[in-house]
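When you get a sec, could you build the whole thing from the sequences and use the hints?
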Amino acid sequence: GEDVEQSLFLSVREGDSSVINCTYTDSSSTYLYWYKQEPGAGLQLLTYIFSNMDMKQDQRLTVLLNKKDKHLSLRIADTQTGDSAIYFCAESMNTGFQKLVFGTGTRLLVSP
Amino acid sequence: NAGVTQTPKFQVLKTGQSMTLQCAQDMNHNSMYWYRQDPGMGLRLIYYSASEGTTDKGEVPNGYNVSRLNKREFSLRLESAAPSQTSVYFCASWELISGNTIYFGEGSWLTVV
Numbered sequence: 001g002e003d004v005e006q007s008l009f010l011s012v013r014e015g016d017s018s019v020i021n022c023t024y025t026d027s028s029s030t031y032l033y034w035y036k037q038e039p040g041a042g043l044q045l046l047t048y049i050f051s052n053m054d055m056k057q058d059q060r061l062t063v064l065l066n067k068k069d070k071h072l073s074l075r076i077a078d079t080q081t082g083d084s085a086i087y088f089c090a091e092s093m094n095t096g097f098q099k100l101v102f103g104t105g106t107r108l109l110v111s112p
Numbered sequence: 001n002a003g004v005t006q007t008p009k010f011q012v013l014k015t016g017q018s019m020t021l022q023c024a025q026d027m028n029h030n031s032m033y034w035y036r037q038d039p040g041m042g043l044r045l046i047y048y049s050a051s052e053g054t055t056d057k058g059e060v061p062n063g064y065n066v067s068r069l070n071k072r073e074f075s076l077r078l079e080s081a082a083p084s085q086t087s088v089y090f091c092a093s094w095e096l097i098s099g100n101t102i103y104f105g106e107g108s109w110l111t112v113v
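Top line first, the protein sequences correspond to chains A and B. Position 82 (the first sequence) corresponds to 82 in my numbering; numbering is contiguous. Position 47 (the second sequence) corresponds to 47 in my numbering; numbering is contiguous.
There may be inaccurate statements among the hints.
Claimed, not checked - Across the chosen pairs, the derived CB separations fall in these ranges:
id : chain 1 : residue 1 : chain 2 : residue 2 : range
1  : B       : 53        : A       : 30        : 37 to 47 Å
2  : A       : 3         : B       : 57        : 10 to 20 Å
3  : B       : 101       : A       : 19        : 17 to 27 Å
4  : B       : 82        : A       : 77        : 38 to 48 Å
5  : B       : 53        : A       : 69        : 34 to 44 Å
Said to hold, decoys possible - Covered stretches of chain A (in silico footprint by chain B; criterion: 3 or more residues with CB under 8 Å from a CB of chain B, positions within the stretch not fixed):
id : region
6  : 39-45
7  : 99-111
By construction, these hints were calculated from the structure, which means they are not laboratory data. Beta carbons: idealized from backbone N, C-alpha and C, even for Gly.
Dropping the structure here:
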């Protein structure tokens with residue numbers, strides 16, 4: 001079965017790096033995603049990684065995938081107060097149709 | 001730039017009342033979804049429609065029905081609302097040619113009292 005777990009809360013100071021972790025159970029996942037949700041808003045796709053990759057960098061965001069341990073992380077460099085939000089990881093098996101299984105979400109609080 | 005549009009944004013219902021959440025997308029996507037979001041539980045899939053004319057149950061379908069009215073529209077109906085259905089509901093859509101991005105609506109906040 002599919003199960004995705006995240007820690008619920010992370011607090012950092014502005015300018016520090018944030019690392020949000022996620023573990024998943026389905027080894028047949030083909031894509032893994034990070035979504036951001038700001039208060040009162042929908043989900044915004046931040047980045048995704050294909051399961052045959054182990055790292056992807058996109059400006060301040062670095063995604064690391066350890067497929068052996070089924071562990072995914074999102075590193076945000078130089079974290080800003082505007083990065084305060086809930087971050088969801090999600091896994092998907094693309095069998096011609098996308099169906100996402102989401103983690104519980106990690107609330108990131110960035111203090112000045 | 002509409003993307004995925006959901007209505008209503010906020011609704012308060014009494015237990016036992018019925019209502020329909022509407023969702024429309026203007027991206028010509030084949031696949032559409034309804035998720036619910038509850039604190040500490042992330043998003044859970046209620047129903048999905050892989051293509052026009054098909055619908056399937058997700059993880060938490062009980063108490064809900066859906067209709068894929070046409071390619072653009074996918075509605076979620078609560079026939080007899082219960083307090084356990086108090087949640088935030090998200091509609092989403094996807095198409096293979098759009099890559100790996102599933103587009104979400106802005107959410108519908110539903111409270112059942």
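Now the hints, each set against the structure:
Range check, residue 53 of chain B to residue 30 of chain A: about 26 Å between beta-carbon atoms, so the 37 to 47 Å window is missed. Range check, residue 3 of chain A to residue 57 of chain B: Cβ separation about 18 Å, and the 10 to 20 Å hint holds. One distance hint, 17 to 27 Å for the beta-carbon pair residue 101 of chain B and residue 19 of chain A, holds here, with the actual separation near 24 Å. For the hinted restraint 38 to 48 Å between residue 82 of chain B and residue 77 of chain A, the CB-CB distance of approximately 45 Å keeps it satisfied.
The hinted range of 34 to 44 Å is satisfied by residue 53 of chain B and residue 69 of chain A, whose Cβ atoms lie roughly 41 Å apart. A count of 6 residues in the region 39-45 of chain A with a Cβ less than 8 Å from any Cβ of chain B is obtained; the coverage claim is therefore met, three being the minimum. Chain B is given as covering the region 99-111 of chain A, and this holds because 7 residues of the stretch bring a CB closer than 8 Å to a CB of that chain, at least three being needed.
The earlier numbered hint that this structure contradicts is number 1, and it is the only one.
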